[in-house]
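K.L.:
Below are the chains, spelled out letter by letter.
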Amino acid sequence: MVSIAERLPTSTRRQWLTLAAGAVAWVTAYWVNGWLWDRFLYDALGMAPTDRLTETIHFFLYDTIKIALLLVGIIFLVTVLRSYMSIERTRALLGGKREGIGNVMAAGLGVITPFCSCSAVPAFIGFVAAGVPIGVTLSFLIASPLVNEIAIGMLFSLFGWQVTAVYIAAGLVIAIVAGWVLGRMGVQRWVEPFVFETKLGGQVIDSTAGLTFDQRIQMGLEEVATILRKIWPYLLVGIGLGAVIHGWVPAAFFTTYAGPGNAFGVLVAVAIGVPLYSNAAGIMPMVQALYEKGLPMGTLLAFMMAVVALSLPEMILLRRVLKPQLLAAFVGVVATGIVAVGYLFNLILA
Amino acid sequence: MIIKVLGTGCTNCKNLERVTREAVDALGLDATIEKVEDYAAIIGYGVMSTPALVVDEQVLVSGRVPKAAEVRELLAPASA
Chain A
1 MVSIAERLPT STRRQWLTLA AGAVAWVTAY WVNGWLWDRF LYDALGMAPT DRLTETIHFF
61 LYDTIKIALL LVGIIFLVTV LRSYMSIERT RALLGGKREG IGNVMAAGLG VITPFCSCSA
121 VPAFIGFVAA GVPIGVTLSF LIASPLVNEI AIGMLFSLFG WQVTAVYIAA GLVIAIVAGW
181 VLGRMGVQRW VEPFVFETKL GGQVIDSTAG LTFDQRIQMG LEEVATILRK IWPYLLVGIG
241 LGAVIHGWVP AAFFTTYAGP GNAFGVLVAV AIGVPLYSNA AGIMPMVQAL YEKGLPMGTL
301 LAFMMAVVAL SLPEMILLRR VLKPQLLAAF VGVVATGIVA VGYLFNLILA
Chain B
1 MIIKVLGTGC TNCKNLERVT REAVDALGLD ATIEKVEDYA AIIGYGVMST PALVVDEQVL
61 VSGRVPKAAE VRELLAPASA
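Listed in order, the protein sequences are those of chains A and B.
Residues in the first sequence are numbered consecutively from 1, following the numbering used here.
Residues in the second sequence are numbered consecutively from 1, following the numbering used here.
Among the hints, erroneous ones may be present.
Claimed, not checked - Below, in silico cross-link-like pairs of lysine-lysine (DSS-like), each with a Cα-Cα straight-line distance of 27 Å or less:
#1 K323/A / K97/A
#2 K35/B / K67/B
#3 K14/B / K230/A
#4 K66/A / K293/A
#5 K230/A / K35/B
#6 K14/B / K67/B
#7 K14/B / K35/B
#8 K199/A / K66/A
#9 K199/A / K14/B
#10 K199/A / K97/A
#11 K230/A / K67/B
#12 K35/B / K199/A
#13 K323/A / K199/A
Since the hints were made in silico from the structure, they are not lab data.
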């Protein structure tokens with residue numbers, strides 16, 4: 001079996017041409033998407049544009065292509081750009097930093113460092129071995145999934161820069177404050193002792209230094225394929241639900257039960273979001289449809305953050321290095337932060 | 001030759017193992033491929049990003065899955 005990237009031409013000029021051709025194809029596809037489905041449904045199949053079922057089908061087809069295109073473009077760009085950072089460089093930058101400034105730096109670096117939650121344990125041990133305080137390490141681990149670049153790209157494309165800025169700022173504040181509070185609680189005693197005994201061997205290997213441009217492009221393509229392969233069922237279900245909500249659920253339904261008038265809206269959204277686990281990209285179509293139906297943005301951001309920031313698989317991994325008390329405090333502090341942000345933004349963005 | 005694939009069972013770790021086996025078979029190398037899942041052992045190699053590829057105790061790749069051709073190139077000098 002040969003991976004996609006192996007079929008890429010190797011000479012630099014042809015490579016740039018391929019990239020440029022890809023960009024043109026992307027823009028064209030994005031641009032003709034709506035028009036194409038109009039022609040297909042209304043002209044070729046003769047369906048009435050005002051019919052509710054037609055509208056739902058149109059929404060589903062149009063959104064599936066649109067979201068897929070956005071994801072491909074955003075994941076590719078993010079992965080290639082992020083490949084110029086590495087967790088090892090972040091570790092070096094954070095080593096010896098005090099709490100406070102360390103929490104701020106860790107949260108910021110958490111956003112731009114390429115990081116897979118499957119590396120959470122070696123990263124945690126590596127940080128501690130470099131003398132990074134536990135609270136600062138936790139700021140990094142909170143920010144990394146919470147302020148997700150793919151979510152940033154999707155939010156920007158779907159809702160514009162204000163919502164995106166609010167999302168980034170809120171995520172950073174939660175990561176900084178939660179990490180700082182946990183650090184203040186003296187959580188060292190709740191870290192598994194083996195973490196402090198394990199020493200990083202020899203020289204630390206920088207995972208992305210010295211990669212060729214070719215390899216970075218290849219990483220981007222592989223990442224697109226990996227993520228899409230993993231989330232496409234969720235994406236289709238999400239877009240399907242979005243289409244049904246868009247076409248069939250009366251606007252009054254959600255505003256009555258979860259609108260700005262409901263004091264428990266944010267709490268309920270976070271309570272539903274924490275056990276749910278999905279990639280930020282997977283729930284974006286739902287968020288979009290619910291926003292159209294009048295759900296307040298603060299509630300939706302809180303829901304999205306709860307889904308991406310706290311996930312069972314990551315908790316199970318972190319349990320290897322954190323004792324249950326700290327894990328519970330971690331979930332509690334982050335969830336509280338998300339709820340607070342939800343209410344705050346319902347006030348500001350209303 | 002002793003080849004070790006460092007990682008704790010994520011998709012990428014399995015991919016790296018598969019690509020490595022392909023490369024070893026393609027080159028007809030006489031090599032044993034071991035999976036290292038113990039965190040202390042992984043950290044012991046100075047690796048913070050999994051998966052990683054270790055050949056005769058030297059870390060050659062960390063934090064990504066190289067394509068099969070690249071693994072063949074990495075392993076080729078060792079086979080000579």
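K.L.:
Go through the numbered hints given earlier and state which of them the structure violates, listing their numbers in rising order.
P.N.:
8
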